[in-house]
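Chains as they are written, first to last, in my numbering: chain A, 1 to 449; chain B, 1 to 283.
One or more hints might be untrue.
What the hints assert, rightly or not - Pulled a few chain B residues facing chain A out of the computed Cβ check, cut under 10 Å:
#1 90
#2 117
#3 138
#4 202
#5 203
#6 206
#7 210
Claimed, not checked - What the simulated footprint calls covered on chain A by chain B, stretch by stretch (three residues with Cβ under 8 Å from a Cβ of chain B suffice, anywhere in the stretch; the number is not a length):
#8 116 to 128
#9 226 to 239
As the list claims (entries may be wrong) - Away from chain B, derived, C-beta distances all over 12 Å, residues of chain A:
#10 43
#11 62
#12 64
#13 108
#14 113
#15 193
#16 242
#17 253
#18 255
#19 262
#20 286
#21 399
#22 413
#23 414
#24 423
Since the hints were derived computationally from the structure, they do not count as laboratory data. Computed from a predicted structure; not experimentally measured. Built from N, CA and C at the ideal position, the CB exists for glycine as well.
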Amino acid sequence: MSAASAPVAVRRPGLLASPHLKRLLTCLMVGVVLALLTGKSGSNQHPASGITGTFKSANAYVWIAAGAVLWAAITGWQWRGVAVAETYRGLSARPRAVWAMRPVRYPSYAVLLLAAIIVPNWLNGFWQEVLVGQIAPYVLLAIGLNVVVGFAGLLDLGYIAFYAVGAYSAAYWTNQLPAHPPFTVNVFWAFPLAVVAAMLAGVILGAPTLRLRGDYLAIVTLGFGEIIQLVAANSKSVTNGSEGVAPNSVPNFSFHALGIHYTWPLEVLPGGHMPWYYLILGIIVVVVILFHLLENSRVGRAWVAIREDEVAAEACGINPLKYKVMAFAIGASTSGLAGVFFASKTGVFDPSSFPFQQSVVVLVLVIFGGMGSLPGAIIGAAVLQYLPQLLRSHIQQPDLYAYYGVILIAMMIFRPQGVWPSRRRAREIAQAEAGVGGADALGAPGAAP
Amino acid sequence: MTAPAPAAIPTSEAKDVILDIRDVTLRFGGVTSLAGVTLTHNRGEILSVIGPNGAGKTSLFNCITGVYQPQEGSITLHGTGGDAELVGRKPSAVTRLGVARTFQNIRLFNALSAIENVKIGVEARQRTGPIGAMLRLPRTRREERESDARAFELLEFVGLRQRANELAASLPYGDQRRLEIARALATAPQLLLLDEPAAGTNPSEKLELAELIQTIQRDTGTTILLIEHDMKLVMSVAQSVVVLNFGKVIASGAPHQVQNDPAVIEAYLGTAATSQGGPDAEH
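Please model the entire structure based on the sequences and the hints provided.
Quick look at the structure:
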């Protein structure tokens, strides 16, 4: 036992402080959580049976063993030393550099668009339904919220309210509510009308509340979302209250001009989804192009300036309130667009179609994809809206949000900037971690002058 | 219609005042930060505001730029576009009237490149809105070209042309100071406020800075209001000096007069006004 003792006694860190052991425990815990999630469910009579049942099956130990393997893999990877890390960094930098080249980028966009047009034709009806009903509208919502959260750095927890404004506008202007419009229009005209209505709602909410910063703004927007839902539920003479809009009352989109008469078909018909898909794909493409131009303009730079340092932005002649309201209104009107599509496609909704939870889901899509990045918002919405459908046959529906949670926690630990972050955002997060300036309105409540 | 009184002639003719600060008082609760500060600043001159820490120098800057609203007094800008009262305006409005500033602790947009930082300044004078930006209207495209060109020009002017595409945060300290000045100049100011531009710079950077400040005055005709602790710098560039202590103006005049003013020497707690050092207590 007589080890060669050092002249100066160095206090050994506790056993638990060893990074290897810590990581091993973490990996094993991940295994346990996954085992619980995939194992037996408890019942109301025997809540604990989910846990005991899980660990009676061999499945659980496979997961835990997988955790151990994960630990071994990470540790082994690290032992290979810095040289490996350097190679890896080089590899991850290369796609960026390649992507930055115009001759690569623009044809890639064209190919992706072409794929988006052609590939869904080969899907079966169920997946087409998922695409039109679950994924595409949320892509549009995420792109809109990205302007508010990603570009301008404002936390909006009541975003779905503008979706409701859009949907109710569509119902109003097609005369499907107890309140009658001055004239009835084709649903297509509901798009501009709903955009205006949602934009007004955004300005009315934004102008007084956007003076608040960070957390305070989040709470106020949350309240606004609830107010819209409650007003819709309680003003029976205007919105038909909690009964909402009757099934198939908001007419399907139809086009009557230039001698063409076309009505978007019911979805139950074979191939009934695709016309709807092309409609919303067209909307998404236009909105993406507009927002891309917006991001790289004077307005986009003003948002970055406000996000990074509001005091300095003001010293550069930027009126923060004006630009924040602008971001809010643009985000809201995008949400309104999606709302009209939703109203016409499903034809049935009521106030409970717009719960707070939906606002959070859209926010999650944006954060998962990478704040401030248009491809990020699209990827985030596509992946996270597709996943539940994919998992549907494997997990129980009530467990769904547990998986969501695990994915998000893992994401925030290992890749806080999101799947496809904007370069500016990624830098801001890296700088905030290194202590150069605060992250933005989402994090620090801007420093006092 | 009688001839104007002779007494009015000296002030209106010999002195072309750009900034007129009168009896400005700023209080935070019971603390009086500025107590009836009055000073005038002549067009084209470099005026330096000095004083011990906590004397109210930065508070004065914040009152001019609209960050703080003083309880009493008036601050009038006699700009090329007419006279304007600055008290009661938002910082962004003050900037658009032609008053730009830098900050004591540098406040650049760190995640943006040097050129983007300056472009944001240039765009203070542009009018592209969201609709124009989304539709790429002709004016948007023209303004974009103009802001690119102007931003490169200004980077060239402060000697950062080679670093245009580097991130602001990755620039050396002295370059960050210069970049902040370029960004302030980009808003096309008539009056430039520099808040301790030499703080934290090394002696050779200080020399370059003094040169830059003089070049700005000479080439652009911009009037400069300078807060600075480094007396050597103040003495080399300023045409006149105002000394603040406890929120009051205790002396003003030409640099060498102020330097030997007993009240000033006392304000710096007995720091000897040596032949060239002067009240250089802080650095």
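Is residue 64/A truly not at the interface, in the sense that its beta carbon sits beyond 12 Å from all beta carbons of chain B?
Residue 64/A clear of chain B: closest Cβ-Cβ about 42 Å, beyond 12 Å.
Verify this label for me: residue 43/A is non-interface relative to chain B, using a Cβ-Cβ cutoff of 12 Å.
holds (52 Å)
Does residue 203/B pass the interface check with chain A, least Cβ-Cβ distance below 10 Å?
Where the cut-off is 10 Å and the nearest Cβ of chain A is about 26 Å from residue 203/B, the hint is violated.
Does the no-contact call for residue 255/A survive, Cβ to all of chain B over 12 Å?
The assertion about residue 255/A holds, with a minimum of 24 Å to chain B.
Apply the coverage criterion to the segment 116 to 128 of chain A and chain B: a residue qualifies when its Cβ sits closer than 8 Å to a Cβ of the chain, and three qualifying residues are needed.
violated (count 0)
Beyond 12 Å on every Cβ pair: is that true for residue 113/A relative to chain B?
Label holds. Min Cβ-Cβ 19 Å, cutoff 12 Å.
Is it correct that the beta-carbon of residue 242/A has no partner in chain B closer than or equal to 12 Å?
The assertion about residue 242/A holds, with a minimum of 37 Å to chain B.
Does the CB of residue 117/B sit less than 10 Å away from some CB of chain A?
holds (9 Å)
Beyond 12 Å on every Cβ pair: is that true for residue 193/A relative to chain B?
Check passes; 18 Å lies beyond 12 Å.
Taking the closest Cβ pair, is residue 206/B under 10 Å from chain A?
violated (24 Å)
If we take the beta carbon of residue 253/A, is the closest beta carbon in chain B still more than 12 Å away?
holds (24 Å)
Would you settle whether the hint for residue 90/B is holds or violated, based on the nearest Cβ-Cβ distance to chain A being less than 10 Å?
holds (7 Å)
Checked against the numbered hints given earlier, this structure breaks hints 3, 4, 5, 6, 7, 8, 9, 20, 24; the rest are met.
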